[in-house]
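All you need for our numbering is the position in the sequence shown, starting with 1, plus 140.
Since the hints were made in silico from the structure, they are not lab data. Since this is a predicted model, take the numbers as computed values, not measurements. Glycine included, every Cβ here is placed at the ideal spot set by N, Cα and C. One thing to keep in mind: the hints can contain errors.
Said to hold, decoys possible - Below 27 Å or equal to it, Euclidean Cα-Cα: the simulated DSS-like pairs (lysine-lysine) are: (1) 142 - 191; (2) 142 - 194; (3) 194 - 173.
What the hints assert, rightly or not - Here are the computed distance ranges between Cβ atoms for each label pair: (4) 142 - 196: 32 to 42 Å; (5) 189 - 165: 31 to 41 Å; (6) 167 - 141: 32 to 42 Å; (7) 194 - 167: 29 to 39 Å; (8) 142 - 165: 29 to 39 Å; (9) 155 - 195: 18 to 28 Å; (10) 190 - 154: 10 to 20 Å; (11) 157 - 197: 37 to 47 Å.
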Amino acid sequence: LKSPAEDHYIQTRVIYDACVDGTYGIECPEDLKEDLDMMKAQACAIDAITKSQKPEECKVEAQK
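Model the full assembly from the supplied sequences, consistent with the hints where possible.
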């Protein structure tokens, strides 16, 4: 599960960043940013668990 979890986390970060940066050519609504941020945090936690790390450490990354 390590590779799929890491891929999911990376993809989620990329989508979040693209939304925030306006890459899609539209303004990213606040509620979508919040949803994507939560998805990114969850994906980070899953990735951490598969690597035997503490998922709490993802909260700092998710806030970025």
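Given hint residue 194 paired with residue 142 - CA-CA distance at most 27 Å
This hinted pair holds, its Cα atoms lying about 15 Å apart.
Evaluate the given range 29 to 39 Å for the C-beta pair formed by residue 194 and residue 167.
holds (35 Å)
CB of residue 189 to CB of residue 165, is that within 31 to 41 Å?
holds (35 Å)
Quick check: does the Cβ-Cβ distance between residue 167 and residue 141 fall within 32 to 42 Å?
Taking Cβ atoms as reference, residue 167 and residue 141 lie about 35 Å apart, which means the hint holds.
Check whether the Cα positions of residue 142 and residue 191 lie no farther apart than 27 Å.
The hint holds at about 7 Å.
Is it true that residue 142 and residue 196 lie within 32 to 42 Å of each other by Cβ?
violated (19 Å)
Within a Cα-Cα threshold of 27 Å, do residue 194 and residue 173 meet the stated pairing?
Holds. Residue 194 to residue 173 sits at ~25 Å (cutoff 27 Å).
Between residue 190 and residue 154, is the Cβ distance one that fits in 10 to 20 Å?
About 19 Å separates the Cβ atoms of residue 190 and residue 154, which means 10 to 20 Å holds.
Do the Cβ positions of residue 142 and residue 165 conform to the proposed distance bound of 29 to 39 Å?
Since the Cβ atoms of residue 142 and residue 165 sit about 34 Å apart, the hinted range of 29 to 39 Å holds.
Outcome for the supplied range 18 to 28 Å, where the beta carbon pair is residue 155 and residue 195:
At roughly 20 Å between Cβ atoms, residue 195 and residue 155 fall inside 18 to 28 Å, so the hint holds.
Quick check: does the Cβ-Cβ distance between residue 157 and residue 197 fall within 37 to 47 Å?
violated (20 Å)
Hints 4 and 11, counting from the list given before, are not met by this structure.
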